[in-house]
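Number of protein chains: 2
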Amino acid sequence: MKKIINNPDNFVMEMLEGILLAHSKEVKIANDDKRALVRYDRPVKGKVAIATGGGSGHLPIFLGYVGKGMIDGCAVGNVFASPSATTMLNVTKAIDGGEGVLYIYGNYSGDVMNFDMAAEMSEFEDIRVETVLVADDVASAPKGSETKRRGVAGLFYAYKIAGAAASEGKSLEDVKRVTEKALSGTRTMGMAISPCIIPSAGKPTFTIGEDEMEIGMGIHGEPGIKREKLKTADEITEELVNRILEDLPYENGDEVSVLINGLGSTPKEELYIVYRKVHLMLEEKGIKIYRPYVGEYATSMEMGGMSITLMKLDEELKDFLDKQADTPFFQQV
Amino acid sequence: MKKIINNPDNFVMEMLEGILLAHSKEVKIANDDKRALVRYDRPVKGKVAIATGGGSGHLPIFLGYVGKGMIDGCAVGNVFASPSATTMLNVTKAIDGGEGVLYIYGNYSGDVMNFDMAAEMSEFEDIRVETVLVADDVASAPKGSETKRRGVAGLFYAYKIAGAAASEGKSLEDVKRVTEKALSGTRTMGMAISPCIIPSAGKPTFTIGEDEMEIGMGIHGEPGIKREKLKTADEITEELVNRILEDLPYENGDEVSVLINGLGSTPKEELYIVYRKVHLMLEEKGIKIYRPYVGEYATSMEMGGMSITLMKLDEELKDFLDKQADTPFFQQV
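Protein chains in written order, with numbering that gives the first Met the number 0: chain V, 0 to 332; chain D, 0 to 332.
Mixed in with the good hints there might be a few duds.
Any copy will do: because identical chains look the same in the list, a pair fits if it lies in one copy or spans two.
Below, a list of computed lysine to aspartate or glutamate pairs in the DMTMM-like style, where the Cα atoms sit at most 20 Å apart [said to hold, decoys possible]:
| id | residue 1 | residue 2 |
| --- | --- | --- |
| 1 | Lys322 | Glu25 |
| 2 | Lys67 | Glu98 |
| 3 | Lys24 | Asp321 |
| 4 | Lys67 | Asp321 |
| 5 | Lys287 | Glu25 |
| 6 | Lys1 | Glu209 |
| 7 | Lys1 | Glu237 |
| 8 | Lys142 | Glu179 |
| 9 | Lys287 | Asp318 |
| 10 | Lys67 | Asp325 |
| 11 | Lys1 | Asp115 |
Keep in mind the hints are simulated off the structure, nothing from the lab.
Build the full structure now, drawing on both the sequences and the hints.
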């Protein structure tokens, strides 16, 4: 196991300590709960607060987006494991500025159970909570079963849109509405070429041949749609984009933001080779690209591979997408 | 060879096309030279221009920092190969806003030869050129032979400081002075655990045992100081930081910025575990940390490993470090 770590049992806590030390003016822990990370200046009075949470091992997802213009707090789980409902409640209490809290998180059963429990507990504390589930992974369930899909890189767009709307002083209902609108037009397809290693397990999450790739694999190594010989970047991109386009569908005349997301060890050079093909394909189909993002936005430690996300835009969404953001892992001027 | 690419011969051009398509409002090519990447709004009249260049395969280094608050243009070479003097001249001519051009690049013989030639050619074009070489890699030559050292992640700090000074309207002499001051207090030590693959070669740049690491390896796989069994993150960090501290030396009462740089496949989680130890060590030694950076700033495609850079600060450097920047690969609000 080749990792630059200390005792695997301390992986999450030492990572968190590093983040708290490096970004001590931006984030802190809440209610003495070392897994409850919140904006330093929380609660922001008069602003809807946004909470998220999920397992560790996906930086910048989830906690990396806690900050100005994005989200207010994050419940941090162990590697690939849901945080507790108690931690979610601690986050909720710490960030509520009187306007209610919107939960935005990926559609995984453990997270759903715990966030639902936290929402109930929050009611007893007289905190209004609404929930938006992120389920953008086309590969994880067929069309018609969208609510069964997993949440992956689309989380970034959900945070960005919701964060901007909340910063603009929108109501809880309005932040929820615009986030749901954004996600209703958001679709992701990913592929993997190599696994990651969970520190405490010390072995790869899956095995894959030296000349193979898996289309549709999840960010925890969940099985994808098919495993086959590694193709060229253009061929891979074509397959992923076509699956995305037909799913919504995205059509001639649409305007979209595109996110090319590296899963961990895939070089940025390769992500831009993928972006090039996406751009040429969409151009040919009359779909206009607005404000693309290329980089590591939702990873799986050192997993090799990438995902492509499209978010359909209208004027309201473009306006929120353009707003400034300033968090430890994501800045937009 | 597991890479998401097309024909290896097109690796650099397709990457560049992807970057130009994704960031068409920020960068463009100059003088029909597809390897001469410049700020879209160049030349910026009345501002000292900053040019850099070097081989591909190190994103965000070099071209990723072309943009507001950083540098004005970049000559792009093939993977790990110097760009031509002609491309450097094309960049120089395209970005000169009448106040002269500062060349900032890493201390590699091919780049030095070509940039020197470009500087001479620029004189014939009546463009004033000054040069600052980046040579921050402690491992690459002993103390006393600092001018023989290679340039690595310290390039980021050189661009940041020079870019901010130039944006503030400083003269060519002044931008050069402050950049040299920044670099005189900048030191880096790196280590690697796994190689990268040059697309056209199709095989790893070096081999290393499954339980080994190499201290001091260069970002092209240049031999380091020693190869040994992989240690813990804390032990590795201790060794790198101690070598950095004694080289300048950095002392009790100093204030520094710290850059923990991932070489490609090392997860951000691990970089923060490293940052944690750096922070604790410096705190104990009475060295204050100001505005740390943790992430991928100078990579070697999918190489595994990381480097630690310290830059000694004074009030002038802190002021420049704090300025806003907005480039395709680096934003600071």
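- Item | Contradicted hints - numbers only | 11
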